[in-house]
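On the provided structure of chain A, position chain B as indicated by the hints.
Residue-level listing of the chains:
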Amino acid sequence: MDLPLYGLMAEFENPDHILHAAKTAYAAGYRRMDAYSPLPIHGLAEAVGFRKTYLPLVVLIGGLTGCFVGFAFQYWVSVVNYPVIIGGKPMNSWPSFIPVTFECTVLFAALSAVFGMLALNGLPHPYHPVFNVDRFERASRDRFFLCIEARDPKFNRDDTRKFLEMEEFHACEVTEVMV
Amino acid sequence: MTLPPAAERIEKRALPVGGIALALCLISLTRGNLSQSYLIAYLFWLSLPLGSAALLMLYHLTGGEWGFVIRRMLEASTRTLPLMAALFLPLLYHPTQLYQWADPAKVAADELLKHKQPYLNTPFFIARAVIYFLVWIALSWLLTRWSAQQDHTNDTRPARRLLAMSGPGLIVLGFTVTFAIVDWVMSIEANWASTMYGVIYIVGMVLTTLAFMIFVARRFALAEPMNKVLQPAHFHDLGNLMLAFTMLWAYTSFSQFLIIWSGNLPEETTWYVNRMGQGWQTIAAFLVLFHFAVPFIVLLSRDVKRKMESLAVLAAAMFLMRMLDLYWTVRPAAGGAPSLRPMDLVAPIAIGGLWLWMFLRQLKVRPMMPVYNPQGDPSF
Chain A
1 MDLPLYGLMA EFENPDHILH AAKTAYAAGY RRMDAYSPLP IHGLAEAVGF RKTYLPLVVL
61 IGGLTGCFVG FAFQYWVSVV NYPVIIGGKP MNSWPSFIPV TFECTVLFAA LSAVFGMLAL
121 NGLPHPYHPV FNVDRFERAS RDRFFLCIEA RDPKFNRDDT RKFLEMEEFH ACEVTEVMV
Chain B
1001 MTLPPAAERI EKRALPVGGI ALALCLISLT RGNLSQSYLI AYLFWLSLPL GSAALLMLYH
1061 LTGGEWGFVI RRMLEASTRT LPLMAALFLP LLYHPTQLYQ WADPAKVAAD ELLKHKQPYL
1121 NTPFFIARAV IYFLVWIALS WLLTRWSAQQ DHTNDTRPAR RLLAMSGPGL IVLGFTVTFA
1181 IVDWVMSIEA NWASTMYGVI YIVGMVLTTL AFMIFVARRF ALAEPMNKVL QPAHFHDLGN
1241 LMLAFTMLWA YTSFSQFLII WSGNLPEETT WYVNRMGQGW QTIAAFLVLF HFAVPFIVLL
1301 SRDVKRKMES LAVLAAAMFL MRMLDLYWTV RPAAGGAPSL RPMDLVAPIA IGGLWLWMFL
1361 RQLKVRPMMP VYNPQGDPSF
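Note that the protein sequences, when read in sequence, are chains A and B.
Using the numbering used here, the first residue of the first sequence is number 1, and each one after it goes up by one.
Using the numbering used here, the first residue of the second sequence is number 1001, and each one after it goes up by one.
Since the hints were derived computationally from the structure, they do not count as laboratory data.
Keep in mind that a hint or two might mislead.
[Unchecked claim] Okay, the calculated beta carbon distance ranges per label pair:
id, chain 1, residue 1, chain 2, residue 2, range
1, A, G122, B, S1301, 26 to 34 Å
2, B, R1341, A, P83, 42 to 50 Å
3, B, H1152, A, G122, 48 to 56 Å
Ideal Cβ placement from N, Cα and C applies to all residues, glycine included.
Chain A on its own, in the form it takes in the complex (with noise of 0.2 Å):
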């Protein structure tokens, strides 16, 4: 019976209700908190706390290392490993390296994005507690879900509750969400 609780989830029916409750349940002290919304809404990222993200030093370092990576190999392949004369040119034929250069640093980039992005977002994420309620299946048609986690230092079973059930938020439903 007495299953662990992740948290309490609101439904609403209307993006303009799940961005007043965002705001206000960041103003009364809550941040572990998520929306779920089948469509992007602006602002509800910046609401529900969500100020910084790291994939773009990810992606710098990425580019940078694939930059690295691309000349470095032309240079130990063309000048040590097996040095060549091509066309009377220098061994150290730098030009002719920034082609491969550039498309490594795009590559390196493109992956630390993609990858980074999948880290960053703790995915490929097999289970998460949000499913459990049934309803939940709706945040990719037309229900907006707004979940404040047990684990927020200001949660409280009954508390939060009430806050969330507050009318002017117009919550359809309030659910416990269990682990």
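Positioned in the frame of chain A, the structure of chain B alone reads:
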């Protein structure tokens, strides 16, 4: 639309300043030491109407609010083409000064030039220039006319016409500009050829236009009523476009260099030999650094693109770098070390003054914002 006071002042002063500078240019022309300075300045300011036409058609094809907010400025800029056609005339006064192929004595001495005569001769050169200007003015006329019609009707037909013309229009513009640049600039060194040449100018002209529009939009964003329209998100998009075209400029310029460097054929390498010796190598390195590397790294930052003022400063710097790039491209054709002649400063002021005057006048003719937005954003 009424202009902000600063723009009004510029409009009032641009005409006399440009006019006096042009008079100096014409005096210099009769003495026969103008052509190159004038050509560089002309190519620089011609970038703006042509780049504006390219960006307008790009916008009609792809949409996006970045284009919607600067659309009337781009349209006003394309309407300066008749002025630019008139300012082309001084280049025809003394074609032999610039072009060896226009000089019968030089042609007689050069077997290759003799074979190029059917294409490279003065009457055909003038006829082609007439065709280029007719095509460009027609494009500009259609782009502005249909845009104006759309303001007075609920029917979306003018917008659909703009969309339909933009694909073919970009192709026509690409071809005519390429041919024009081959005629006016590449043929100075008539025995040298590069297929990348026109593309480099086209990318450069769009880059010049973006830099100019960002700078002007920033000035307009300071005052009513445009401060309500122009948002950091628009500058973010325009900054991203400027980053893309900065990279494209480097990509095309380097491609041309790499191909010629790899081939290492004497008739091709002369172009770079002239531009990477006798002091020109300093300017070349400066361009690599400040036309590409520094703006590229700075424009990677999201904050720089969203802060209007910092982006406008970068745009102003890029605008000047475009001028330097054209100087480096055209001037070494005559041989010799880099030098600054008085006309190098007077000619850009002459053409630029008159161009700015015409641009601001045209900007006042129409409302600053179009009525119909195909993206249908209700915030406008």
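Exercise. What are the numbers of the hints the structure violates, in ascending order?
Worked result: Of the numbered hints given earlier, the structure breaks none, since each of them holds.
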